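Chemist: One-letter residues, chain by chain:
2 protein chains.
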Amino acid sequence: MEMEKEKILELLNTHPIRVAELHDIFAEMNVVNIADIFKDESKETILRIFRLLPKSIASEVFSYIEGDEQQLLIEALSDNEVRDIMNRLFVDDAVDLIEEMPADVVTRVLQNIPSEKRTIINQMLKYPEDSAGSIMTTEYVWLSEESTVRTAFAKIRKNGVNKETIYTCYVIDRDRLLLGVVSAKTLMLSNEDDKISDIMDTDFVSAHTTDDQELVAGSFRKYGLLAMPVVDADEHLVGIITVDDVVQIIEEEHTEDLEIMSALKPSEEPYLKTGVLQQVRNRIVWLLFLMLSATITGGIISGFENALAALPLLIAFIPMLMDTGGNAGSQSSTLIIRGMALGEVNFKDIAVVLWREIRIGFLCGIILGIINFIRIYITNGKNSLLALTVTVSVLLTLIMAKSLGCLLPMAAKKLRVDPAIMAAPLITTIVDAASLVVYFSIAKVIFKL
Amino acid sequence: MEMEKEKILELLNTHPIRVAELHDIFAEMNVVNIADIFKDESKETILRIFRLLPKSIASEVFSYIEGDEQQLLIEALSDNEVRDIMNRLFVDDAVDLIEEMPADVVTRVLQNIPSEKRTIINQMLKYPEDSAGSIMTTEYVWLSEESTVRTAFAKIRKNGVNKETIYTCYVIDRDRLLLGVVSAKTLMLSNEDDKISDIMDTDFVSAHTTDDQELVAGSFRKYGLLAMPVVDADEHLVGIITVDDVVQIIEEEHTEDLEIMSALKPSEEPYLKTGVLQQVRNRIVWLLFLMLSATITGGIISGFENALAALPLLIAFIPMLMDTGGNAGSQSSTLIIRGMALGEVNFKDIAVVLWREIRIGFLCGIILGIINFIRIYITNGKNSLLALTVTVSVLLTLIMAKSLGCLLPMAAKKLRVDPAIMAAPLITTIVDAASLVVYFSIAKVIFKL
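Top to bottom, those sequences are chains A and B.
Note that the working numbering numbers the first sequence so that position 96 is 357, with each residue one more than the last.
Note that the working numbering numbers the second sequence so that position 338 is 599, with each residue one more than the last.
Calculated directly from the structure, the hints in this document are not laboratory data.
Remember, it's a predicted structure, so these values are computed and weren't measured experimentally.
For each residue, glycine too, the CB sits at the ideal point set by N, CA and C.
Heads up, a few of these hints could be off.
[What the hints assert, rightly or not] Computed footprint of chain B on chain A, listed as stretches where at least three residues anywhere in the stretch have a Cβ under 8 Å from a Cβ of chain B:
| hint | region |
| --- | --- |
| 1 | 445 to 453 |
| 2 | 584 to 593 |
[What the hints assert, rightly or not] Simulated crosslink set (DSS-like; lysine-lysine; CA at most 30 Å straight-line):
| hint | chain 1 | residue 1 | chain 2 | residue 2 |
| --- | --- | --- | --- | --- |
| 3 | A | 446 | B | 446 |
| 4 | A | 446 | B | 675 |
| 5 | A | 456 | B | 316 |
| 6 | A | 534 | B | 674 |
| 7 | B | 483 | A | 304 |
| 8 | A | 424 | B | 416 |
| 9 | A | 609 | B | 266 |
| 10 | B | 526 | A | 446 |
| 11 | B | 709 | B | 675 |
| 12 | A | 316 | B | 446 |
| 13 | B | 526 | B | 675 |
| 14 | A | 483 | B | 300 |
| 15 | A | 609 | B | 304 |
| 16 | B | 609 | A | 300 |
| 17 | B | 675 | A | 424 |
| 18 | B | 266 | A | 675 |
[Claimed, not checked] Quick list of the computed label-pair ranges, beta carbon to beta carbon:
| hint | chain 1 | residue 1 | chain 2 | residue 2 | range |
| --- | --- | --- | --- | --- | --- |
| 19 | A | 513 | B | 270 | 37 to 43 Å |
| 20 | B | 705 | A | 391 | 32 to 38 Å |
| 21 | A | 435 | B | 406 | 41 to 47 Å |
| 22 | A | 462 | B | 313 | 17 to 23 Å |
| 23 | A | 286 | B | 616 | 33 to 39 Å |
| 24 | A | 436 | B | 302 | 52 to 58 Å |
| 25 | B | 422 | A | 464 | 15 to 21 Å |
| 26 | B | 546 | A | 420 | 54 to 60 Å |
| 27 | B | 698 | A | 268 | 54 to 60 Å |
With these hints in hand, go ahead and build the complete structure from the sequences.
Modeler: Put into structure tokens, the structure is as follows:
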């Protein structure tokens, strides 16, 4: 690919430009790789390459190039050229474009979209963010019940080139009520005279326009789908979602989960494309909230200053207790958050899960506690009371951390809050406070402080 | 679906069993939903339902039911019945089965696989875990260069029903060298007499048998593929990978990443199917390692006991400093780990990334520091020296945490260690120690301790 890029840039500088030779190179290349050529090039080069693309692939290449360069092109191209792109762009890509571009570019785009397509796009922009309606496209092949396999093939041959997929066709009645689906495989393996109503699959999986994209992705995974029809409240077909978009959505959802679980405000921009100030905004709110919460833990320590003054050795075990509690709690919360996202763990399992985590916490606590006992006993002049204090604290901290680590995400889910919030940062802060209370209370009892 | 399950269980209890009626119900159902019926049923019911499935769908249903029930069936069915399943099972599903089952079940499975298929399966079992070779399947449609669209269609109609996909066909020469790919779309939109060599796409994306599945998933995402050919070192076609499997792989990789990032030993078993002892094993190693590392932090505190004895107030800010440093560091490490996984951040960007993180750390540190100064000044009797100590420590901790949070994952990647290890738990432990050293050192300077 690097070689092809060099060749293309070289040909750009020939006079006169050898367009035929360029077109031959483009014809051999994957459109995604052509889109990669635009990366990090000057405005002038981007414009020149784009104008030299064969018309038939220009809009597809456009859909794969990055936001910055898309914006640059729309601003620099003529109205006619923008119209050409928008004419051929699939509506889901057009919607993505409009959602990402600044207002003046959006105006330019909408002015150059045929009015019929603009109506569809405006409709899709009204669906809630991340809903099936907002990610679907309207370029699908529809068939009527009465047609035959022969007419279906004729229709695919006539219109198929402009459809997102031709591998699943949708059977609708006159009111666009979705009756069934037929795969291209079924069509190919049937007789030409078979009626669509006889070969269509009526037990299909569909989504409603308002369904969340995570739900849609889950169905694709469960049923191994290539495409899924989207229907409105009255079961009328309004669009389809294809698996290539679902693969992207799964990655986006995963990034979002990771960000929420790490106390970050989710952002759709790649790391290097997000400005420093925006990064600060994405991080500071949670940092501030967690910092203020952690001062409560500090207050707890202050509350035990008599105990600490009497036995300064206690201080040395604070970091170990805090870190271990936080790690133990986030292990559990991660497993539960992920298990719920995959549908493997549900709220009804709460008693089972809690009882498991208590046992796991107990066993891990025993092991870590014993190791601590031995270490402290040896390194602190056979101070068995101190060793006992730390050991019991570790055990109770583990049980507490594991219990909170599973209960809080499950409670969040029940309260329709994203369980990912109940991940390491928040769990750590809560478990820290709880474990220090336990630690100092035990110390007071054992040392009679 | 619940309704259908009830109906099926009801029909099982009729005498004589109304098989035709059952088959009608099964015919209307998605195989994935049929597989769901087996969940949580008794051994006897599972066997009875499985034996009543139409032969044509039995092996497909088998591939979707869960491991426990697959094992139960293989143990209980006759040799003939097992042979029937194995005959029709796609080889990638057979490989999955063999990898998951205990040894005695595997023996039973291998004994009942036709020898030709067994050779292929044994070959695939030799590929490294999670490599393209280990996840591919061998049921694809191949064409020769000289054939026409007409003969291609004839071939698909004849053999297509048993192929994982017919939507991409692979063009090979007599030595199985992969020459190009043709999509079913291209076939349908071409003339019957067109030669395959004229319409095939020679700029296809392929994987080598030893490529990691994460790389494969990345190509599917980048190019929006439905299937990808897998070739050996000499570019001979040996199998294909289809997008439905890739969707599963992406989810598995996400789970694995999350687990590693939360100090867990990755496990492929769902949460509720993993025993308590196994869970303890998956968690204890990291907990132990991190606990022992955190005792170093405890040692640091002990090293400053003179300072602490002179100014016990310092203790109250330890939890806030530790938590804030940990949170700030894991924000950065999460973004960098994810950015590298998506290919948005590379090692060559290390200077840019570090400079960004230092500025972000500085700005966040200034904000958090000022808030701390005001709070401490007000609540600690206008003790501006104490407020200053904490404020400067927060600022330096933030810059340090952000720097380590980006440097450690990037260094790990460079050293070919999974960057996900450099996530919250490890970063927190390291930043904790560093921030306390900074804190006490500053206190010693400011208070001349």
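Chemist: Taking only the CA atoms, is the gap from residue 675 (chain B) to residue 424 (chain A) under or equal to 30 Å?
Modeler: 43 Å, violated
Chemist: Cβ-Cβ distance between residue 286 (chain A) and residue 616 (chain B): within 33 to 39 Å?
Modeler: Given range 33 to 39 Å: holds, Cβ gap about 38 Å.
Chemist: Given the hint that residue 609 (chain A) pairs with residue 266 (chain B), does the C-alpha gap stay at or below 30 Å?
Modeler: 21 Å, holds
Chemist: So if I understand the rule, the pair passes when the alpha-carbon distance is 30 Å or less; does residue 526 (chain B) with residue 675 (chain B) pass?
Modeler: The hint holds at about 22 Å.
Chemist: Could you tell me whether the CB distance from residue 513 (chain A) to residue 270 (chain B) stays inside 37 to 43 Å?
Modeler: 40 Å, holds
Chemist: Between residue 446 (chain A) and residue 675 (chain B), is the straight-line Cα distance small enough, at 30 Å or below?
Modeler: 46 Å, violated
Chemist: When you check the alpha-carbon spacing of residue 424 (chain A) and residue 416 (chain B), does it fall within 30 Å?
Modeler: 25 Å, holds
Chemist: Range hint 17 to 23 Å: satisfied by the CB atoms of residue 462 (chain A) and residue 313 (chain B)?
Modeler: Given about 22 Å between the Cβ atoms, the range holds.
Chemist: A range of 54 to 60 Å was offered for this pair. Does it hold for the Cβ distance of residue 698 (chain B) and residue 268 (chain A)?
Modeler: 56 Å, holds
Chemist: Against the 30 Å threshold, does the CA-CA distance of residue 316 (chain A) and residue 446 (chain B) hold or violate the hint?
Modeler: OK: residue 316 (chain A) and residue 446 (chain B) at ~20 Å, within 30 Å.
Chemist: Do the Cβ positions of residue 546 (chain B) and residue 420 (chain A) conform to the proposed distance bound of 54 to 60 Å?
Modeler: Holds: the Cβ-Cβ distance is about 59 Å, inside 54 to 60 Å.
Chemist: Can you confirm whether the C-alpha distance between residue 266 (chain B) and residue 675 (chain A) stays at or below 30 Å?
Modeler: Holds. Residue 266 (chain B) to residue 675 (chain A) sits at ~27 Å (cutoff 30 Å).
When each numbered hint is compared with the structure, violations occur for hints 4, 10, 11, 17, 20, 24.
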